[in-house]
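Each chain, written out:
2 protein chains.
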Amino acid sequence: MAEEAAQEHPGPSAPRPVRCIVKLGGAAITNKGELESINEESLRSACAQLRQAMSESEGDGAPEKVLGMDWSKRHGDPADPAVDAEWIAGMAGLGLDTNFIVVHGAGSFGHFQASRSGVHKGGLHSTLVKAGFVATRISVTSLNQEIVRALAREGIPSVGMSPFTCGWSTSQRKIASANASQIIQSLHAGFVPVLHGDAVLDELLDCTILSGDVIIRHLAQLLSPKYVVFLTDVHGVYDRPPTDPNAVLLKEIEVDDKGSWSIVKPALLQGNNKGVEISVAAHDTTGGMETKILEAAVIARLGIDVYITKAGTEHSLRALKGDVSSDSEDWLGTVIRSSK
Amino acid sequence: MAEEAAQEHPGPSAPRPVRCIVKLGGAAITNKGELESINEESLRSACAQLRQAMSESEGDGAPEKVLGMDWSKRHGDPADPAVDAEWIAGMAGLGLDTNFIVVHGAGSFGHFQASRSGVHKGGLHSTLVKAGFVATRISVTSLNQEIVRALAREGIPSVGMSPFTCGWSTSQRKIASANASQIIQSLHAGFVPVLHGDAVLDELLDCTILSGDVIIRHLAQLLSPKYVVFLTDVHGVYDRPPTDPNAVLLKEIEVDDKGSWSIVKPALLQGNNKGVEISVAAHDTTGGMETKILEAAVIARLGIDVYITKAGTEHSLRALKGDVSSDSEDWLGTVIRSSK
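Residue numbers (full-length UniProt numbering), protein chains in the order written: chain A, 1 to 340; chain B, 1 to 340.
Because the hints were derived from the structure by calculation, they are not lab data.
Possibly wrong hints are sitting among the right ones.
Because identical chains cannot be distinguished in the list, a pair is counted as satisfied if it fits within a single copy or across any two copies.
Mimicking DSSO-like on lysine-lysine, the simulated pairs with C-alpha atoms at most 30 Å apart in a straight line are [stated by the list, open to error]:
{"hint": "1", "residue 1": "K265", "residue 2": "K174"}
{"hint": "2", "residue 1": "K340", "residue 2": "K65"}
{"hint": "3", "residue 1": "K258", "residue 2": "K32"}
{"hint": "4", "residue 1": "K65", "residue 2": "K121"}
{"hint": "5", "residue 1": "K32", "residue 2": "K321"}
{"hint": "6", "residue 1": "K265", "residue 2": "K226"}
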């Protein structure tokens, strides 16, 4: 109901529809293979690009002073944060189009705790699963906190929103309840909701893991963003593992109204949608590329373009701006769109 | 509706009513005067007492091995956490009555950010208020994360639940919407929800601060716990600031059905309910003791005993266990109860 309201009043003073849902892939923002380690430079760069994409002024290239919104101490830094309240109060506005939603994966956070305990399989009568549920949530919400802070340092008014706390739940691992009203309220108030893959309650299994990709698909269905961007650690979807020197980047995939997909570019793979071992980030353990493609295909069928590209590149900046036309020969990444 | 269901089915296999709502006062668990600094020893002790109060076995005093549920790295500790999954999986159960809710204050977290920006006054068109909202939430959710971890290390299956994320909102600073269904679901699944004073959206003011004391009163009204405990840094409510050497501890306060309160013990102050400058923690900036007494009086009127006492003492342990009879001469603290 609330999301319909968001669509029905497109007037200038009414809430605008969501511009973009961004997935910050776990592989892009954490250091794989190192427990609970953030790739600080990659995260900082992704947040800076998000800010650029939100910016309402084209800018002359001169660095602007950013209104940092993380006024908390940083670990290991004894200095208290400095806040120039007078300067901030005098600003005319943020100058940002903040109608974005950020969803991030877990990367090297959460997987250890989830896999040691089998949270995804459910069964809260087991002390191991119950403890693992708590431990998994601690780990993924720690990452969420750090991502909210990184966005806030770039001047993006971000608010962390755990799906579990929002009351989202599943039934046999499929979303059963996922009220987006608080997300919509936050967007309307000018904040950028930051969600994440989370441990949630499941009607039949007691509990399971809800992945960031499923969350994105669900939000896209509810909120009809103009486009969806997946930032990862490789250039897009390949026809085989991207570590293979013969791997070919699939630049454009079309999805028909039955959900079947076919490769449009490169032309040499046209019509090929079987026997291609598509792969992006093999270490993404919540489904990997197959889940990602399937979720992306559902989004594309709605008429929403999906861009999958490498974080921290000129290509990711263009994707975040929605500046990827179908004949962009110089854009590196995968576009998944409806064939209609 | 959901809370009625919790009341209507008291059978052994049905959800039990909430036993206790505990306030971990900001003054007790943080170091006042030092920005964003946790009083680690006080927090650890409060969590250990909570575990003792939840324990279903009386215990012979021998230290039991605790099932720690924080499997994340700790800041500054390079070692990966060790998890004995086999031992955990072999446990018969937690042996804890987890029907508790924890709410904590902000102490030295959040106040700096909130007061520099005036978040409590509202007005999100102001860049300062918008930035302050984000900064305040970052600070208070950082503390929430640390409290959830401290509880989890004591084997308490805790889950962080920010009121903002739960969709709680106010209208002119009074609670307008505060759906507790996810809190109830979490309790039923055997988890201990951990809430906190938070920055929230306000229908009229755009935003404000919702204090932990107001949250406790609201939850007590919804969930009818057997008793409510406020843990603070002094022994209870005094007739004047507790730093005054002549301050007298008010041991028992009665609230009548009109909400008027009178001092029952000590006898020398009987009938005195005016001109007494009651005070507990003067540095508690979200209302101080006056708000606390008012909220406690509302709870007591419902027939729910409220215990206010000093964290980390034998008195706080007895309060958490609900072991405070009206004639306990050796219990140090303030009881607020209905006169009926």
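Copy assignment of K265 with K174, given that the CA separation must stay at most 30 Å
Result: close neither inside a copy nor across copies, 33 Å intra and 57 Å inter.
Can you give me the call for K65 and K121, within, between, both or neither, at a CA distance of at most 30 Å? Answer is between: at 26 Å across copies they meet the 30 Å cutoff, but 48 Å inside does not.
Q | K258 and K32: within-copy, between-copy, both or neither at 30 Å Cα | A | Classified as neither; 36 Å inside a copy, 61 Å across copies.
### Homomeric proximity label, K340 with K65: Cα distance no greater than 30 Å
Neither: 44 Å inside a chain and 62 Å across chains, both beyond 30 Å.
(request) Measure nothing new, just compare the shortest in-copy and cross-copy C-alpha distances for K265 and K226 to 30 Å and report within, between, both or neither. (result) within (22 Å within a copy, 66 Å between copies)
From the Cα coordinates, with 30 Å as the cut-off, is the pair K32 and K321 best called within, between, both, or neither? within (28 Å within a copy, 45 Å between copies)
The structure does not agree with the numbered hints 1, 2, 3 stated previously, though it agrees with the rest.
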